[in-house]
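Build out the structure end to end from the sequences listed, making use of the hints.
Here the protein sequences come in this chain order: A and B. Per this note's numbering: the first sequence = residues 1 to 162. Per this note's numbering: the second sequence = residues 1001 to 1343.
Keep in mind the hints are simulated off the structure, nothing from the lab. Don't take every hint at face value.
Short, incomplete list of chain B residues facing chain A, as computed with Cβ under 7 Å [unchecked claim]: (1) Ser1006; (2) Tyr1009; (3) Thr1036; (4) Phe1231.
Bear in mind that the values here come from a model prediction, so they are computed numbers and not experimental data. Backbone N, C-alpha and C define an ideal beta-carbon position, used for all residues, glycine too.
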Amino acid sequence: MKLRLNLSVNGEPAEALVDPDKTLLEVLREDLQLTGTKHGCELGECGACAVLLDDQPVLSCLVVSHECEGRSVVTVEGLTVDGRLHPLQECFADLGASQCGYCTPGILIAAKALLDRDPNPSRDLIREALSGNLCRCTGYQQILDAVQASIVRLGEGGEQKK
Amino acid sequence: MMRLPSYRYRAPKTVQDAAAWLAESPGDTMLLAGGTDLIPNMKRRQQVPSTVVGLRGITELSRTDDRDGLEIGAGVTLTSLVHDERVHARYLGLWQAVGQIATPLLRNMGTIGGNICLDTRCTYYDQSFEWRQAINFCMKKDGDTCWVATSSDKCLAVSSTDAAPALIALGATVRLVSATGTREVALTDLYANDGMHYLTRRSDEILTTVTLPKADGWRTTYWKLRRRGSFDFPVAAVAAAARFDGDRIVEARIVLGAVASRPLEVPAAAARLAGQPLTDDLIASVADDAYTLAKPMDNTDFELVWRKKTVRSLVTSALRELRGDDMRAARTKLARHPLLVIS
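Listed below in structure tokens is the structure:
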């Protein structure tokens, strides 16, 4: 029997009739067509599937659909507001922090969660916050640079209007 | 793609309901807390419960109470513990252990109860279904042979919990609740040195609470060896706790992690520390005891003879730190984790 789910996705109410054995990642990608969140290792090791669940960054490949009812999910698609990129996304593009791009959605989510909590984190704190997100292209330095640069841009009023 | 197997999901609101539902079919029902251990294991068909009882709706499990010591609900997330100032101030070894579990994303999900009950790990077990099928499976799941030591009649999978050694060193107890009653056991008695039957928890019991005694006069520390500074299970670890009277130790506990199928206490070493000042010679001989006791097997990361040798240096570092030596440089070098430097 299908499972009826009501949740908030990127600020909008969403309803889906899903296979109950699915994970949140599978629901997002297959039932809600939000394919920005990536399938990586599927075992909680890579961070590619990170989303905000009730404002906390978690791995959507490890969240069972049954436990999503009534909860709020923010995916990488939810970072843009009125078509305008989040300062983090702008800085990732400007500074070459994304190469193949597969890890980028998860990293943007983890970085956003950090900046929402602490608007001016040290480089060590950024490194710690992103320590669950693997990137096989960049060597991480550009990613750390981009998050640091976005702190400045956010401080200059680059925060998006909600 | 690895899909979850089919299962029936139930979401109790109280521990009593959870215990009653667990008792209906304890053999093929599993408890789901953070999901960071069970869900990957289900995807790889290492654990295939027909019913999953999700505990996240039971609010009493996420409570932390200041009693004589600290009562931590089994559902408290690892992130909450890292951010709990009481844990940092009073139980530093636990804070260091929990802060080095997995990653921030996984700590947001994973719970203290889950880390205590973490399935034992092994190179021949933590693999996809097809990989395990190709070796005709192993003793721990679906097979007969322990591929780590083919003559072994017992599974040698490794205890990989970071929290448990620290909690045992701190003298923690845990509460187990079933439909028929409640019992409180010392955490050390929750474990057995058997990779398959590593918990003495009955299959109809729920671990609900971890209780730490008062921290009065105790100093604790946790040292962990792992391949990556960012994210790995321990391949050798030591938790040490000692209560001092001046520069003499009154009472001490040393617990090794990831070198057996259970957190391994070193009672002889602890006994020899009692009443003594922590001299270099005493530290060296206690580290030798731990080295002798540690029996790492060739079923996790790193070369096993070297892993065994690291136990000696981990114990030495831990005891020197308890003595008051400045071990920050050594800790940072090992952990590659600046936030864990004791300030």
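How the hints compare with the structure:
1. Ser1006: Holds, about 5 Å.
2. Tyr1009: holds, 4 Å
3. Thr1036: holds, 5 Å
4. Phe1231: holds, 6 Å
Comparing the model with each earlier hint shows no violations; every hint is respected.
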